[in-house]
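Listed in order, the protein sequences are those of chains A and B.
Just so you know, we're using the numbering used here here: the first sequence kicks off at 8 and counts up by one.
Just so you know, we're using the numbering used here here: the second sequence kicks off at 30 and counts up by one.
Simulated from the structure, these hints should not be mistaken for laboratory data.
Hints may be right or wrong, so weigh each one.
One-sided and incomplete, this derived list gives chain A residues near chain B with beta-carbon spacing under 8 Å [said to hold, decoys possible]: (1) G38; (2) S40; (3) G48; (4) A49; (5) P50; (6) T51; (7) F52; (8) Y55; (9) F94; (10) F105; (11) V106; (12) F107; (13) G108; (14) P109; (15) G110.
Some chain A residues well away from chain B (every beta-carbon gap over 10 Å; in silico) [unchecked claim]: (16) V17; (17) I24; (18) Q32; (19) T33; (20) D59; (21) S90.
Note that this is a predicted model, so its numbers are computed, not measured.
Beta carbons: idealized from backbone N, C-alpha and C, even for Gly.
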Amino acid sequence: GQSLEQPSEVTAVEGAIVQINCTYQTSGFYGLSWYQQHDGGAPTFLSYNALDGLEETGRFSSFLSRSDSYGYLLLQELQMKDSASYFCAVRDNYGQNFVFGPGTRLSVLP
Amino acid sequence: ETGVTQTPRHLVMGMTNKKSLKCEQHLGHNAMYWYKQSAKKPLELMFVYSLEERVENNSVPSRFSPECPNSSHLFLHLHTLQPEDSALYLCASSPGGYRDTEAFFGQGTRLTVV
Numbered sequence: 008g009q010s011l012e013q014p015s016e017v018t019a020v021e022g023a024i025v026q027i028n029c030t031y032q033t034s035g036f037y038g039l040s041w042y043q044q045h046d047g048g049a050p051t052f053l054s055y056n057a058l059d060g061l062e063e064t065g066r067f068s069s070f071l072s073r074s075d076s077y078g079y080l081l082l083q084e085l086q087m088k089d090s091a092s093y094f095c096a097v098r099d100n101y102g103q104n105f106v107f108g109p110g111t112r113l114s115v116l117p
Numbered sequence: 030e031t032g033v034t035q036t037p038r039h040l041v042m043g044m045t046n047k048k049s050l051k052c053e054q055h056l057g058h059n060a061m062y063w064y065k066q067s068a069k070k071p072l073e074l075m076f077v078y079s080l081e082e083r084v085e086n087n088s089v090p091s092r093f094s095p096e097c098p099n100s101s102h103l104f105l106h107l108h109t110l111q112p113e114d115s116a117l118y119l120c121a122s123s124p125g126g127y128r129d130t131e132a133f134f135g136q137g138t139r140l141t142v143v
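Bound conformation, chain B alone (with noise of 0.2 Å):
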């Protein structure tokens, strides 16, 4: 256990639905991340979070939307995906700012967009 927390594990979804990826820290840090992660890819990072404000969007489609209400807890809004959207979608935090030095990863949620 990293002390990060995602849910679901699982996810199946049809282009047209709607969902959303919930990730939950209890370590106190500052900063978060949505990382996706595709087969024979690098993880690839698409928001960062420092103190509840976005500093980081890495050209990432409208498709997804973050949301970070408090420190703690970070969303990821999905609508109308592709199916090339289908991957591991990973959330990480750190302690927040220059001198961190790691990030602390939860579990994934595997996405299947059908």
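The shape of chain A in the complex, shown without the other chains (with noise of 0.2 Å):
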């Protein structure tokens, strides 16, 4: 089976730098990717790795370790916007389904 971890709730200012973490445990790997969610909203696509390292996408950047089987979003510069939930993401072996993380919960203060 698949499972992945996140911390519950992260909170920062504004202006801050915050990083979140998943770990996961799956019987086969295609790539790890993160979603935002606000209240009452979809999820939305942030990023993808399917490699070690990091990706950027401005102020967004995401990072993996295939021989850890961790990876975290990192965001800078916060801005009360970004108070949302952030979901990890695994395919399963067969790569037909994207299998969800618990979710963090960011609170971002002024």
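With the hints as a guide, bring the two chains together.
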């Protein structure tokens, strides 16, 4: 089976940098993705890592270490609008499904 | 807008009712998914369709019945639900295949079973 772990909550102030970690246990691995979901909204795709290393997209970066079954999402120059839940997700061993972590609720304070 | 549309956005139904949730995508995707999102729980995969064929049924009770008449439409038929089935039901699509990196989600249907 598959399981993913994330911290349940993170709090930071505007302008700060925050890192949200994700560890996973899967019977196969086809990449780690990150999604953002605002209250009442749909999850929206942020980034994807198939290979080890850092991927940067504007203020957001995502890192993967396949040997450690670990990844993180790094959010820089935090803004109030970044307050949301963040989910990591992996493709399962058949590549058919996206399996999601429990989500991390980020609160950005003024 | 993600290109995936779900209707209705909100639904209240009794335990003896029958209702259906609808999902529509015009992204040309070949894979469609139903997820259940309950408070304080991860997104739970319910069903996966690839090229209109069901490829995954994640031990979902039979009171939930999916239907995929074509690659653009996905339904979830509901009957004799329980109060614990109250949740946000999310539909998603992806191009289809091992190399998919992103799922596109609809806004969800907030279901309340009374």
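Consistency of the hints with the structure:
A cut of 8 Å between beta carbons decides the hint on G38(A): the least distance to chain B is about 6 Å, and the hint holds. Given the 8 Å rule on beta carbons, the hint for S40(A) holds: about 7 Å separates it from the nearest Cβ of chain B. At about 7 Å, the closest approach between the beta carbon of G48(A) and any beta carbon in chain B falls short of 8 Å, and the interface hint on this residue holds. The interface hint given for A49(A) holds, since its Cβ lies 4 Å from the closest Cβ of chain B, which is under the 8 Å cut-off.
Interface restraint check for P50(A): the shortest CB-CB distance to chain B comes to about 5 Å, inside 8 Å, so the restraint holds. With a least beta-carbon distance of about 7 Å to chain B, the hint placing T51(A) at the interface is held under the 8 Å criterion. The beta carbon of F52(A) comes within 4 Å of a beta carbon in chain B, closer than 8 Å, and the hint placing it at the interface holds. Residue-level restraint check for Y55(A) holds (minimum Cβ-Cβ distance to chain B is 4 Å; threshold 8 Å).
With a least beta-carbon distance of about 7 Å to chain B, the hint placing F94(A) at the interface is held under the 8 Å criterion. The interface hint given for F105(A) is met, as the beta carbon of that residue sits about 5 Å from the closest beta carbon of chain B, less than 8 Å. Contact between V106(A) and chain B, as hinted, is supported at the beta carbon level, the nearest pair being about 7 Å apart and thus within 8 Å. The criterion of a C-beta within 8 Å of any C-beta in chain B is met by F107(A), whose closest approach is roughly 4 Å, and the hint holds.
Contact between G108(A) and chain B, as hinted, is supported at the beta carbon level, the nearest pair being about 6 Å apart and thus within 8 Å. With a cut of 8 Å, the hint placing P109(A) at the interface with chain B holds, because the nearest CB-to-CB distance is about 4 Å. For the restraint placing G110(A) at the interface with chain B, the shortest Cβ-Cβ distance is roughly 7 Å, inside the 8 Å limit, so the hint holds. Taking the minimum C-beta to C-beta distance to chain B, about 16 Å, the non-interface status of V17(A) holds against the 10 Å cut.
Distance check for I24(A) against chain B: the nearest CB is about 25 Å away, which clears 10 Å, and the non-interface claim stands. With a least CB separation of 14 Å from chain B, Q32(A) remains clear of the 10 Å interface cut-off, as annotated. For T33(A), the shortest C-beta to C-beta distance to chain B comes to about 14 Å, beyond the 10 Å cut-off, and the non-interface label holds. At roughly 16 Å from the closest C-beta of chain B, the C-beta of D59(A) stays outside 10 Å, upholding its exclusion from the interface.
No Cβ of chain B approaches the Cβ of S90(A) within 10 Å, the least distance being about 18 Å, so the stated non-interface status holds.
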